[in-house]
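Add chain W to chain C, keeping to what the hints say.
Protein sequences, first through last, are from chains C and W. FYI, in the numbering used here the residues of the first sequence are 1 to 312. FYI, in the numbering used here the residues of the second sequence are 1 to 193.
Think of the hints as simulated: they come from the structure by calculation, not from any bench. None of these values were measured; they are calculated from a predicted model. Incorrect hints may appear among the rest.
[Claimed, not checked] Not everything, but these chain W residues come out facing chain C in the computed CB check (under 7 Å): (1) D26; (2) V27; (3) P46; (4) K47; (5) E151.
[As the list claims (entries may be wrong)] Straight line, CA to CA, 20 Å or less: simulated EDC-like cross-link-like pairs of lysine to aspartate or glutamate: (6) W:K123 - W:D68; (7) W:K47 - C:D176; (8) W:K47 - C:E146.
[Unchecked claim] Simulated DEER-style distance windows between Cβ atoms: (9) C:R239 - W:N172: 54 to 60 Å; (10) C:R99 - W:N172: 38 to 44 Å; (11) W:Y116 - C:A36: 44 to 50 Å; (12) C:R192 - W:P193: 34 to 40 Å; (13) C:R98 - W:E76: 56 to 62 Å; (14) W:V48 - C:N121: 24 to 30 Å; (15) C:P177 - W:Y143: 34 to 40 Å; (16) C:E157 - W:T62: 57 to 63 Å.
C-beta atoms are modelled at their ideal positions from N, C-alpha and C, and glycine is treated no differently.
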Amino acid sequence: MTLVPVTYKGGIYQHDIVIDLIEDLGGYVVQKHVLAQEVVLQCFVPRDDIELIREISRPIFGEVTDSPLVGTEIAIVSMSLEIHHLPHPSCDIAEYVRRIGAKSNMVSLARGPGKRITGLNDEERDVINEHDIAVYLMGNFETCIEHKMPILLRGIEVPVVVCGGPDKETLIRIVDPPVEGYVGGVGRFMRRTKEADQLDKLDEIIAEITRVLEKKREDVSKDPLSVSPARLMNLIRERVPAILEVTSPTPLTVQMAGLRVKLPYDTFAPELRRMEIEDGIALGDIAEVLPSRMRDYILVKVLPFSETNTVI
Amino acid sequence: MLAVEYFEVECPEPVGAEYYKQITNDVLLDHNLLKVIEKLHVYIDPKVPLFIAVGILKPITTVVKVGDIANVNPQEAKMTLVITEETYLASMLRIFWERFGKDRVEQPDRFTVVLYNVPVEAKEIEAIVIGNPSESLNKDLIYAFRQIAPEGFRLRSERFYQGKFSFVASENTLVENIDELVKAKFALMGETP
Numbered sequence: 001m002t003l004v005p006v007t008y009k010g011g012i013y014q015h016d017i018v019i020d021l022i023e024d025l026g027g028y029v030v031q032k033h034v035l036a037q038e039v040v041l042q043c044f045v046p047r048d049d050i051e052l053i054r055e056i057s058r059p060i061f062g063e064v065t066d067s068p069l070v071g072t073e074i075a076i077v078s079m080s081l082e083i084h085h086l087p088h089p090s091c092d093i094a095e096y097v098r099r100i101g102a103k104s105n106m107v108s109l110a111r112g113p114g115k116r117i118t119g120l121n122d123e124e125r126d127v128i129n130e131h132d133i134a135v136y137l138m139g140n141f142e143t144c145i146e147h148k149m150p151i152l153l154r155g156i157e158v159p160v161v162v163c164g165g166p167d168k169e170t171l172i173r174i175v176d177p178p179v180e181g182y183v184g185g186v187g188r189f190m191r192r193t194k195e196a197d198q199l200d201k202l203d204e205i206i207a208e209i210t211r212v213l214e215k216k217r218e219d220v221s222k223d224p225l226s227v228s229p230a231r232l233m234n235l236i237r238e239r240v241p242a243i244l245e246v247t248s249p250t251p252l253t254v255q256m257a258g259l260r261v262k263l264p265y266d267t268f269a270p271e272l273r274r275m276e277i278e279d280g281i282a283l284g285d286i287a288e289v290l291p292s293r294m295r296d297y298i299l300v301k302v303l304p305f306s307e308t309n310t311v312i
Numbered sequence: 001m002l003a004v005e006y007f008e009v010e011c012p013e014p015v016g017a018e019y020y021k022q023i024t025n026d027v028l029l030d031h032n033l034l035k036v037i038e039k040l041h042v043y044i045d046p047k048v049p050l051f052i053a054v055g056i057l058k059p060i061t062t063v064v065k066v067g068d069i070a071n072v073n074p075q076e077a078k079m080t081l082v083i084t085e086e087t088y089l090a091s092m093l094r095i096f097w098e099r100f101g102k103d104r105v106e107q108p109d110r111f112t113v114v115l116y117n118v119p120v121e122a123k124e125i126e127a128i129v130i131g132n133p134s135e136s137l138n139k140d141l142i143y144a145f146r147q148i149a150p151e152g153f154r155l156r157s158e159r160f161y162q163g164k165f166s167f168v169a170s171e172n173t174l175v176e177n178i179d180e181l182v183k184a185k186f187a188l189m190g191e192t193p
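Same shape as in the complex, but just chain C (with noise of 0.2 Å):
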């Protein structure tokens, strides 16, 4: 059964009855937004049973797309907070691709910006390194690129997506070491990303992202996860009440082979490694419990199949 990511949106009305058609058909639902009368779901569904989801939403008004980032997270790699680079286009672009279902998170570096006193420290680079894939935001001038990029990309080891002013040719001449993804045209600028032009370059960096992940997914699937990290959300939350506490708007965050459970992790790690999961088989043995570096939260990074022999 292979599960794809979709968004569904629709009226608050009986929606609950297109979570539980979800979860029967074996589905997760990564996220869900109440916003006064409109729920949006985030979810992964059976491929073979999405236009049943769509018949049975269609008397209540809801509507299934297709959002290939649900389920991932994404470094948005600001130079700084400063309004240089504040509201746009860091925010624009993190909120963008919050909208197709990714959760965004902004990094900001503290020596970002310039080009002889730009520099990455270990704090900023773990944290880079815990997402799925790192968006930077680069400036308008190639020298500037060209002299930072070897910094900034010391010891990431996440796909990386650079944006910047120049052409997307002249990126991919000057980036270095390469990366992933180029998007050209999208450097610094003061102003709302509104027009019609401006949108199609934040597609344009959608593709580029979505591109990079599908390659990353089926780097994954060749050496399949022991465990579906939707599927580890659905249990730590029924497990651990602790989870329903927290306030924070995505407590588990599902990432493409892993989970960020905001928890603190010298409380709550042991109790997750000891966590069942199916047939004796606990959650310690067949995934990593890490300290994140984001604040004291909790790291899960599931080990594939050739390291457990087990997939659950």
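Structure of chain W alone, referenced to chain C:
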């Protein structure tokens, strides 16, 4: 853009120049400063790195009076001012307090000020000068250019005198012959610093 007589961005990278022209325009427009600038020349060299902005300002002669931001309604033994624009409200209150005393000035809500038993006519109140936009202009311009210049360019030298200004910023220590460069940029606009 029509208000500015001369506006150029010079940069060895043509794509960068194009973006910076847009940024300069957006920032100055946001801060309402395009109307006070007559000529502006921006030079950026990311290789050095160096950012220079030189320009000529339009003379500003207008001052803001009470009548410009409020409607004055004289009533029996009191005068009610209905505020339409808050920008100069604080300085207006300060002037009233100094002139009439705090016990005679009251602000019951955000957009209303009441003066009790003041020995002047409504017309006189309307004519009180409460602000001079040209005083804060230099501060506003520096703030705007700090936003326009690339963020890493933190070493700055600003000069504002007799309606002309120059703003130089760099990431490294500014070179000694910067005045020559500023002069050359003024010359491009047909002016002298």
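So, going through the hints one by one against the coordinates:
no. : hint                        : result
1   : D26                         : holds, 4 Å
2   : V27                         : holds, 5 Å
3   : P46                         : holds, 4 Å
4   : K47                         : holds, 5 Å
5   : E151                        : holds, 4 Å
6   : W:K123 - W:D68              : holds, 12 Å
7   : W:K47 - C:D176              : holds, 18 Å
8   : W:K47 - C:E146              : holds, 11 Å
9   : C:R239 - W:N172: 54 to 60 Å : holds, 57 Å
10  : C:R99 - W:N172: 38 to 44 Å  : holds, 41 Å
11  : W:Y116 - C:A36: 44 to 50 Å  : holds, 47 Å
12  : C:R192 - W:P193: 34 to 40 Å : holds, 36 Å
13  : C:R98 - W:E76: 56 to 62 Å   : holds, 59 Å
14  : W:V48 - C:N121: 24 to 30 Å  : holds, 27 Å
15  : C:P177 - W:Y143: 34 to 40 Å : holds, 38 Å
16  : C:E157 - W:T62: 57 to 63 Å  : holds, 60 Å
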